[in-house]
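Participant: Below are the chains, spelled out letter by letter.
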Amino acid sequence: DMKVTQMPRYLIKRMGENVLLECGQDMSHETMYWYRQDPGLGLQLIYISYDVDSNSEGDIPKGYRVSRKKREHFSLILDSAKTNQTSVYFCASSPGTGISAETLYFGSGTRLTVL
Amino acid sequence: GQQVKQSSPSLTVQEGGILILNCDYENDMFDYFAWYKKYPDNSPTLLISVRSNVDKREDGRFTVFLNKSGKHFSLHITASQPEDTAVYLCAAGINQGGSAKLIFGEGTKLTVSS
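If you read the protein sequences in the order shown, they are chains B and H.
Sequence positions in the first sequence follow the working numbering and run 1 to 115.
Sequence positions in the second sequence follow the working numbering and run 116 to 229.
Simulated from the structure, these hints should not be mistaken for lab results.
We put the CB at the ideal spot given by N, CA and C, even for glycine.
Be a bit skeptical, because a hint or two may be false.
[Said to hold, decoys possible] Cβ-Cβ distance ranges computed for the label pairs, FRET-style:
no., chain 1, residue 1, chain 2, residue 2, range
1, H, Thr127, B, Arg111, 43 to 49 Å
2, H, Thr127, B, Glu17, 37 to 43 Å
3, H, Asp156, B, Pro61, 24 to 30 Å
4, B, Gly96, H, Ile135, 46 to 52 Å
5, H, Asp143, B, Asp59, 16 to 22 Å
6, H, Asp143, B, Glu17, 41 to 47 Å
7, H, Gln211, B, Asn84, 24 to 30 Å
8, H, Gly185, B, Lys82, 35 to 41 Å
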């Protein structure tokens, strides 16, 4: 069963705390993504990973970093979370690299609230 | 600025009606265009997509039209059903230096009333 799994589903943190969002996929996809979704802004691309230790900034990388040490696992890290990072975070994966015509498979999302 | 734009935040249509969702893009290097559907508290899933060498693609009740000169693509839904009620996200894909990414619009919330 092809799946992208995100943990946790809901998370509440205080401003200044560190946040770790985890994402896994069981499809051996090369490419993985982190997006955030905010009302009126759609899905905004934070980071892309094209394979292990091959990460690239998306459109809004400031305040975030990522880690991909295994192909099936991609983490999003917020060092010292800010209230404006309250959002729903979606992880996604796609089979290839360097091919724009790829279907993205999304996880269920993590709703992060930073107080 | 927003590279991919959906002009209508929300739309309502009667069951059985035809509707058109619109999306405009800025970068003429985009070569892939897609519509994703998202139910509340669920993840987006691909509905239909088209490469830039094709002007139209039909899949059942769903058709995507691409107007490259106008930097515009649209999703036409016929015989709309209550289960079509969802948020529809348009997306455009670009391949830059061997690296691909997909840029999404803001989304249009569609309500199909019975």
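Participant: Confirm or reject each hint.
Facilitator: Structure-based check of each hint:
no.	hint	result
1	H:Thr127 - B:Arg111: 43 to 49 Å	violated, 27 Å
2	H:Thr127 - B:Glu17: 37 to 43 Å	holds, 41 Å
3	H:Asp156 - B:Pro61: 24 to 30 Å	holds, 27 Å
4	B:Gly96 - H:Ile135: 46 to 52 Å	violated, 31 Å
5	H:Asp143 - B:Asp59: 16 to 22 Å	holds, 18 Å
6	H:Asp143 - B:Glu17: 41 to 47 Å	holds, 43 Å
7	H:Gln211 - B:Asn84: 24 to 30 Å	holds, 28 Å
8	H:Gly185 - B:Lys82: 35 to 41 Å	holds, 39 Å
Violated hints for the displayed structure, listed by number in ascending order: 1, 4.
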